[in-house]
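Participant: Spelled out from the first residue to the last, the chains are:
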Amino acid sequence: MKTELSVVGHRSRKVDAAKLATGRAAFTDDVEMRGLLHTKLVKSPHAHARIVNVDTSRAARVPGVHAVITYKDVPRIPYTSAGQSWPEPSPYDQFVLDNKVRFMGDPVAAVAAETPEIAAQAVACIDVEYEELPAVLDPHLSMEPGAPVIHDESESYGIYDPSRNLAAHIDVEIGDVERGIREADIVLRNEFFVQYQQHTCLEPHVTICFFDEDGRLVVRTSTQIPYHARRMLAFALEIPVKDVHIIKPRVGGGFGNKQEVVTEPIAAVLAMKTGRPVKLEYTRTEEFTIARNRHPQHLWLTTGLRRDGTITANSLKVLTNTGAYGTHALTVTGNTGTKPLPLYRTQNMKFFADIVYTNLPISGAFRGYGAPQGFFAMEVQMDEAAEAVGMDPVDFRRLNHIRLGETDLMSAAAGEGSGKKPRVMHSVGLPECLDRGAEASGWAAKRCNPGSGVKRRGMGMCILMQGSGVAGDELAAAALKMNEDASFNLHVGSADIGTGSDTTLCQVAAEVLGVPIENIIIRSGDTDDISFDYGAYASSTAYITGTCVLKAAEDARQQIVAVAARMMEEDPEGLLVHEGRVTSLEGKSVTLREVALECLYGENKTLVIGRGTHATKDSPPPFVAMFAEVEVDIETGQIRPVHIVSAVDVGKALNPDICEGQVEGAVAQGLGYALTEEVQIGDRGQVLNPTFMDYKIFCADDMPELTTILVEAEEPTGPFGAKSVAEIAINGPAPAISNAVYDAVGIRLRSLPMTPEKVLAALDEKSERSAQVSL
Amino acid sequence: MKIEVTVNGESQEWEVPVNQTLLDALRLRGLPGTKRVCESGECGACAVIVDGLALDSCILLAVQAAGMSIVTVEGLSTGSQLHPVQEAFTQNGAIQCGFCIPGMIVTAANYLEENPSPTQEEIRHVFVGNLCRCTGYKKPIEAVLSAVRDDDTS
Chain A
1 MKTELSVVGH
11 RSRKVDAAKL
21 ATGRAAFTDD
31 VEMRGLLHTK
41 LVKSPHAHAR
51 IVNVDTSRAA
61 RVPGVHAVIT
71 YKDVPRIPYT
81 SAGQSWPEPS
91 PYDQFVLDNK
101 VRFMGDPVAA
111 VAAETPEIAA
121 QAVACIDVEY
131 EELPAVLDPH
141 LSMEPGAPVI
151 HDESESYGIY
161 DPSRNLAAHI
171 DVEIGDVERG
181 IREADIVLRN
191 EFFVQYQQHT
201 CLEPHVTICF
211 FDEDGRLVVR
221 TSTQIPYHAR
231 RMLAFALEIP
241 VKDVHIIKPR
251 VGGGFGNKQE
261 VVTEPIAAVL
271 AMKTGRPVKL
281 EYTRTEEFTI
291 ARNRHPQHLW
301 LTTGLRRDGT
311 ITANSLKVLT
321 NTGAYGTHAL
331 TVTGNTGTKP
341 LPLYRTQNMK
351 FFADIVYTNL
361 PISGAFRGYG
371 APQGFFAMEV
381 QMDEAAEAVG
391 MDPVDFRRLN
401 HIRLGETDLM
411 SAAAGEGSGK
421 KPRVMHSVGL
431 PECLDRGAEA
441 SGWAAKRCNP
451 GSGVKRRGMG
461 MCILMQGSGV
471 AGDELAAAAL
481 KMNEDASFNL
491 HVGSADIGTG
501 SDTTLCQVAA
511 EVLGVPIENI
521 IIRSGDTDDI
531 SFDYGAYASS
541 TAYITGTCVL
551 KAAEDARQQI
561 VAVAARMMEE
571 DPEGLLVHEG
581 RVTSLEGKSV
591 TLREVALECL
601 YGENKTLVIG
611 RGTHATKDSP
621 PPFVAMFAEV
631 EVDIETGQIR
641 PVHIVSAVDV
651 GKALNPDICE
661 GQVEGAVAQG
671 LGYALTEEVQ
681 IGDRGQVLNP
691 TFMDYKIFCA
701 DDMPELTTIL
711 VEAEEPTGPF
721 GAKSVAEIAI
731 NGPAPAISNA
741 VYDAVGIRLR
751 SLPMTPEKVL
761 AALDEKSERS
771 AQVSL
Chain B
1001 MKIEVTVNGE
1011 SQEWEVPVNQ
1021 TLLDALRLRG
1031 LPGTKRVCES
1041 GECGACAVIV
1051 DGLALDSCIL
1061 LAVQAAGMSI
1071 VTVEGLSTGS
1081 QLHPVQEAFT
1091 QNGAIQCGFC
1101 IPGMIVTAAN
1111 YLEENPSPTQ
1121 EEIRHVFVGN
1131 LCRCTGYKKP
1141 IEAVLSAVRD
1151 DDTS
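Sequence order for the protein chains is A and B. In terms of our numbering, the first sequence opens at residue 1 and continues consecutively. In terms of our numbering, the second sequence opens at residue 1001 and continues consecutively.
Hints are computed from structural coordinates only; laboratory data are not their basis. Mixed in with the good hints, there may be bad ones.
[Claimed, not checked] A short, non-exhaustive set of chain B residues, derived as facing chain A with CB atoms under 10 Å:
#, residue
1, MET1001
2, GLU1004
3, LYS1035
4, SER1080
[As the list claims (entries may be wrong)] Distance windows between CB atoms, simulated:
#, chain 1, residue 1, chain 2, residue 2, range
5, B, THR1006, A, THR591, 15 to 25 Å
6, A, LYS696, B, GLN1012, 30 to 40 Å
7, A, LYS766, B, ASP1151, 48 to 58 Å
8, A, GLU439, B, THR1006, 54 to 64 Å
9, A, GLY64, B, GLY1030, 21 to 31 Å
10, B, GLU1122, A, GLU439, 24 to 34 Å
11, B, ILE1059, A, LEU576, 54 to 64 Å
We treat Cβ as the ideally placed atom computed from N, Cα and C, and that holds for glycine.
With the hints as constraints, model all of the structure from the sequences given.
Facilitator: Below, the structure is given as structure tokens:
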């Protein structure tokens, strides 16, 4: 029986909205702690060096300094900071502090002092003697014979080939690409370049560590991965998991940068040394220089085509720069191939990748997780392919995109996770996304109509696919407790980092339990609760944790129905829980409040505790068709995005406001990636632009008009039909805009960001070419 | 240094180091709504209203506020009664992580005093000094417009 949904699918106000709007103490650093010490770091001035000697004696004598630590004071245990399933597929190539530095800014020592000023003063008193080593600053040279070996330490493990600076490697083929190319009428071969992008979470990495009255280490930290962080911290510091309590307060943005254990280990060691609460908070400059970034890549894509527009082969080769450490090295680049390649129906696919170390800033997880790089190459190439066979780019996608019931073999062959189960498409809303996106953007009328004059207009589009969690590598567990007033405490292990997942999960629980959302009191990401979760990454929470909460709520509902049936002397079968009551078919009813009181104090004493755990090998993809209208100034080379239309198949919009917000935010971040954002690196490996002044993210005035269309192709494996929404749209702006620029002025931009300089250079090259032709 | 300030309507006497920013002075006094993000006046997350003008408190010294009246995001609401801009942000899905939101709300509330019926274009322009990495700015701008509309109809 399908009843009308009363909470799910509604634009419920976010459960945390009021506290955030009024500035209540919600975030890690918003609490006052008696005796709190502040941390400052000594950072390497070299890209690659061995530490010959560190003298901390002067620093230790500065009044107000409580501890100074170097590599001598921490366990020498290699670990990875990448927050992933255990054992992490990233190399164990980091130490809390090390006797070697591998990029400029690599932490060398840390000071805990009464005030930040004293800590800074003490940092200046630490004398470090370095033996400078030759550095690898170009990923193309990392694997050259004779290149300096960045991870020459004996303890690290899980590195694919440390002697060649090769952190990870991928080589997968499905079908026969050579044959596919032979059978092609047209072969396209192109190279693409993508840059370092910084997440710029507004809240920096921040951790406060202290010991509670039982001597357990409490870690109040801005993280996406509370449970992974507990396990990883215990491992890196050689302490029992039971002695670590992670509290994830409100998080001020993550985007993957906090799918890492970054500030936690040093803060924990300093708390151990001093016995005092210790805070380590990165400055904005540190966020730009020593946190994580999106992996830069050089991509080569070869496509075989028949004249009828069918694709005979796609072959992708990637060189990825993981920087000094291999956090998420294998799996991010894995996504570069496994998300774009299977979107297109061809029997022949190849994916080859080298992920190399350099003495440059660290790459890591970043919204999209490798897919933005791959989709940039793929979707620009598909635009060119459509042109090569004389088809409209939308029709070309309609012909070639993966269909309902078809199987994604690539994710099983090369995807992350222990699942290795081919993804069968149970819901594909792409046809509707293409139709509605084309209509809303005015595609047919506006295409191939650049106008004349200095400012030319163009239309471009792309299609996208992502996942909903890591296939086979997810577990979520939740508990739901009923109180006297028919309110419920909901404990989940997931992390709302601004995504709205706390609200969405409350909506799911409220729907099943027949109560208003206000009756659900959620706590997320506290490892002392009855909960578990892999964390907020891979667009997993609505799909994985959502199903888990659905199960917990159904479990609680069954217990409620059992008690109500006894109270009403009715058969539990056929009892409905709705609008705060349990109702029988004959119209008898009791309120949930009466049931709750009966449970706690009546004849049928019991505590209603719903329990849900969920693990799955499925990871159904959401889909997007994105359309971009741009204006290109042929004198300045400036690209102005005018209108972005995102038609997004989310399965079911559990909360449309939240879904739209996720899409709009991802588009904004993707616009920066496409046009303005690049962490620039100097000749010594230093970051040249570590401020918002010099690293340009989109502001309100830069934004184009945004139109978001939510398409609901019901996913049978998802809670109320939902799949994911958080990441997918970030993949779109770069290729859609590049294609729109081609429509406007006839140049193919294959390097990000698409700056005015690149536009002008390409326009010059184009006019030189046409001059030669006319000669 | 000893200074007198009015914070959210209450006269206070502060003993502050001369090099302390207004941002730190406020946060140390139990007002964590004002956020530390860039510490260089680039992002607007620390905006507070100083004598009627929304300013970045990370690039003001506390002593510069001597004798002045400061309104923080905490001072916009009265008990559980939210300021219309706060109410609109919560009703319009304009809040994601929420870290930039106090600065946006303070900036918008201050601007509406000066221009009670702004256009969408004007709000876009007012938010140029408020960086947000979550929302794409669309819903915050719509929230301010809706606060204006709701005010008109009440």
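Participant: Does each hint fit the structure? Answer for all of them.
Facilitator: Taking the hints in turn, this is what the structure says about them:
| no. | hint | result |
| --- | --- | --- |
| 1 | MET1001 | violated (16 Å) |
| 2 | GLU1004 | violated (23 Å) |
| 3 | LYS1035 | holds (7 Å) |
| 4 | SER1080 | holds (8 Å) |
| 5 | THR1006/B <-> THR591/A: 15 to 25 Å | violated (50 Å) |
| 6 | LYS696/A <-> GLN1012/B: 30 to 40 Å | holds (39 Å) |
| 7 | LYS766/A <-> ASP1151/B: 48 to 58 Å | holds (53 Å) |
| 8 | GLU439/A <-> THR1006/B: 54 to 64 Å | holds (55 Å) |
| 9 | GLY64/A <-> GLY1030/B: 21 to 31 Å | holds (23 Å) |
| 10 | GLU1122/B <-> GLU439/A: 24 to 34 Å | holds (31 Å) |
| 11 | ILE1059/B <-> LEU576/A: 54 to 64 Å | holds (60 Å) |
In this structure, the earlier hints numbered 1, 2 and 5 are contradicted, and the remaining ones agree with it.
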